[in-house]
Amino acid sequence: DVKVTQSSRYLVKRTGEKVFLECVQDMDHENMFWYRQDPGLGLRLIYFSYDVKMKEKGDIPEGYSVSREKKERFSLILESASTNQTSMYLCASSPSGERAYGYTFGSGTRLTVV
Amino acid sequence: DQQVKQNSPSLSVQEGRISILNCDYTNSMFDYFLWYKKYPAEGPTFLISISSIKDKNEDGRFTVFLNKSAKHLSLHIVPSQPGDSAVYFCAASDGSTLGRLYFGRGTQLTVWP
Chain A
69 DVKVTQSSRY LVKRTGEKVF LECVQDMDHE NMFWYRQDPG LGLRLIYFSY DVKMKEKGDI
129 PEGYSVSREK KERFSLILES ASTNQTSMYL CASSPSGERA YGYTFGSGTR LTVV
Chain B
42 DQQVKQNSPS LSVQEGRISI LNCDYTNSMF DYFLWYKKYP AEGPTFLISI SSIKDKNEDG
102 RFTVFLNKSA KHLSLHIVPS QPGDSAVYFC AASDGSTLGR LYFGRGTQLT VWP
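Residue numbers (my numbering), protein chains in the order written: chain A, 69 to 182; chain B, 42 to 154.
By construction, these hints were calculated from the structure, which means they are not laboratory data.
The model shown is predicted, which means the values in this text are computed figures rather than measured ones.
Misleading hints may appear alongside valid ones.
In silico negatives: residues of chain A with every beta carbon more than 10 angstroms from chain B [stated by the list, open to error]:
no., residue
1, 92
2, 129
3, 140
4, 147
Within a straight-line C-alpha distance of at most 30 angstroms, the following computed DSSO-like cross-link-like pairs (lysine-lysine) qualify [to be verified]:
no., chain 1, residue 1, chain 2, residue 2
5, B, 78, A, 125
6, B, 46, A, 71
7, A, 71, B, 109
8, A, 81, A, 123
9, A, 121, A, 138
10, A, 81, B, 97
11, A, 86, A, 125
12, A, 123, A, 71
13, A, 139, A, 71
14, B, 112, B, 97
15, B, 112, A, 125
16, A, 123, B, 46
17, B, 112, A, 139
18, B, 46, B, 95
19, B, 78, B, 46
20, A, 123, B, 78
21, A, 86, A, 71
22, B, 95, B, 112
23, A, 71, A, 121
24, B, 97, A, 125
Okay, the calculated beta carbon distance ranges per label pair [stated by the list, open to error]:
no., chain 1, residue 1, chain 2, residue 2, range
25, A, 138, B, 120, 43 to 53 angstroms
26, A, 138, B, 154, 39 to 49 angstroms
27, B, 48, A, 178, 24 to 34 angstroms
28, B, 136, A, 73, 22 to 32 angstroms
29, A, 131, B, 94, 21 to 31 angstroms
30, A, 106, B, 70, 19 to 29 angstroms
31, B, 57, A, 112, 10 to 20 angstroms
32, A, 182, B, 94, 27 to 37 angstroms
33, A, 112, B, 136, 13 to 23 angstroms
34, A, 120, B, 120, 44 to 54 angstroms
35, A, 137, B, 153, 26 to 36 angstroms
36, A, 82, B, 99, 47 to 57 angstroms
37, A, 107, B, 102, 21 to 31 angstroms
38, B, 81, A, 130, 25 to 35 angstroms
Beta carbons: idealized from backbone N, C-alpha and C, even for Gly.
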């Protein structure tokens with residue numbers, strides 16, 4: 069069964085900590101994405117990557133960075149966590165050129181910053 | 042500015058009846074539209090899609106209708122079941138940014154017995 073795996077379901081971090089959220093996909097997809105979901109705001113794109121070592125800013129990149137050293141792994145980094153980064157974080161992947169099925173999402177990481 | 046809009050944050054329907062979820066978009070370059078379903082504490086899962094060259098696509102109980110002139114699409118679920126209770130996201134793609142999807146804010150569907 070193909071999947072996108074996020075390393076943690078729940079995380080609690082302190083303000084100012086550096087936080088790493090890991091995502092791995094086993095489908096050999098070229099494109100990978102990080103979203104956050106907040107009530108009433110839907111899914112907002114933070115960063116995406118269309119190839120190893122390539123990255124593009126999404127709509128809300130401030131306070132975040134990403135790393136893609138291998139095709140299957142896309143990491144989201146919160147440089148200095150703040151309480152307004154408390155959210156559900158969703159990783160997704162998609163193959164280039166295949167648009168009928170969109171993304172495959174991971175199960176999400178619920179991050180709480182205290 | 043939101044390019045994909047779901048103006049109803051919630052919808053409540055009785056089991057067995059039809060559920061109709063609506064979505065509007067502003068970007069005329071969008072040429073692929075998708076619906077995702079999301080349960081609490083899980084990631085969204087793909088439900089159904091439609092290309093702009095079509096006006097209807099069916100998959101079992103789910104049908105998506107596209108009205109390009111009105112920049113409007115809708116998802117029909119017939120008959121609705123309690124297990125359909127979830128948040129439904131509408132998404133659109135213009136194909137220009139390597140498959141990036143633009144999402145609406147979601148509609149919470151509740152199907153009651």
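Each hint, compared with the structure:
1. 92: Residue 92(A) is indeed farther than 10 angstroms from all Cβ atoms of chain B, at 14 angstroms.
2. 129: With a cut-off of 10 angstroms, residue 129(A) remains clear of chain B, as the shortest Cβ separation is near 14 angstroms.
3. 140: Consistent with the label, residue 140(A) stays out of reach of chain B, its closest Cβ about 17 angstroms off (over 10 angstroms).
4. 147: holds (24 angstroms)
5. 78(B) x 125(A): Within the cut-off at roughly 25 angstroms; holds.
6. 46(B) x 71(A): Distance ~29 angstroms between residue 46(B) and residue 71(A) Cα, so the pair holds.
7. 71(A) x 109(B): violated (33 angstroms)
8. 81(A) x 123(A): holds (25 angstroms)
9. 121(A) x 138(A): holds (8 angstroms)
10. 81(A) x 97(B): Violated. Residue 81(A) to residue 97(B) sits at ~46 angstroms, over the 30 angstroms cutoff.
11. 86(A) x 125(A): Distance ~19 angstroms between residue 86(A) and residue 125(A) Cα, so the pair holds.
12. 123(A) x 71(A): holds (22 angstroms)
13. 139(A) x 71(A): holds (14 angstroms)
14. 112(B) x 97(B): holds (14 angstroms)
15. 112(B) x 125(A): holds (27 angstroms)
16. 123(A) x 46(B): Judged against 30 angstroms, a Cα distance of about 27 angstroms means the pair holds.
17. 112(B) x 139(A): violated (36 angstroms)
18. 46(B) x 95(B): Given that 30 angstroms is the threshold and the Cα spacing comes to 21 angstroms, the pair holds.
19. 78(B) x 46(B): holds (16 angstroms)
20. 123(A) x 78(B): holds (27 angstroms)
21. 86(A) x 71(A): holds (27 angstroms)
22. 95(B) x 112(B): Satisfied, since the Cα-Cα distance of roughly 13 angstroms is no more than 30 angstroms.
23. 71(A) x 121(A): Holds - the C-alpha atoms of residue 121(A) and residue 71(A) are around 22 angstroms apart, at most 30 angstroms.
24. 97(B) x 125(A): The given pair, whose Cα atoms are some 34 angstroms apart, is violated under the 30 angstroms limit.
25. 138(A) x 120(B): 43 to 53 angstroms: holds (46 angstroms)
26. 138(A) x 154(B): 39 to 49 angstroms: Since the Cβ atoms of residue 138(A) and residue 154(B) sit about 48 angstroms apart, the hinted range of 39 to 49 angstroms holds.
27. 48(B) x 178(A): 24 to 34 angstroms: Given a distance of about 27 angstroms, which is inside 24 to 34 angstroms, the answer is holds.
28. 136(B) x 73(A): 22 to 32 angstroms: About 28 angstroms separates the Cβ atoms of residue 136(B) and residue 73(A), which means 22 to 32 angstroms holds.
29. 131(A) x 94(B): 21 to 31 angstroms: violated (40 angstroms)
30. 106(A) x 70(B): 19 to 29 angstroms: This hint holds: roughly 27 angstroms between Cβ atoms.
31. 57(B) x 112(A): 10 to 20 angstroms: Distance hint for residue 57(B), residue 112(A) is violated at roughly 35 angstroms.
32. 182(A) x 94(B): 27 to 37 angstroms: Violated, since residue 182(A) and residue 94(B) (Cβ atoms, about 50 angstroms apart) do not stay within the stated range.
33. 112(A) x 136(B): 13 to 23 angstroms: Taking Cβ atoms as reference, residue 112(A) and residue 136(B) lie about 21 angstroms apart, which means the hint holds.
34. 120(A) x 120(B): 44 to 54 angstroms: holds (46 angstroms)
35. 137(A) x 153(B): 26 to 36 angstroms: At roughly 48 angstroms between Cβ atoms, residue 153(B) and residue 137(A) fall outside 26 to 36 angstroms, so the hint is violated.
36. 82(A) x 99(B): 47 to 57 angstroms: Since the Cβ atoms of residue 82(A) and residue 99(B) sit about 50 angstroms apart, the hinted range of 47 to 57 angstroms holds.
37. 107(A) x 102(B): 21 to 31 angstroms: holds (28 angstroms)
38. 81(B) x 130(A): 25 to 35 angstroms: holds (28 angstroms)
Going down the numbered hints, you'll see the structure goes against 7, 10, 17, 24, 29, 31, 32, 35, while the others check out.
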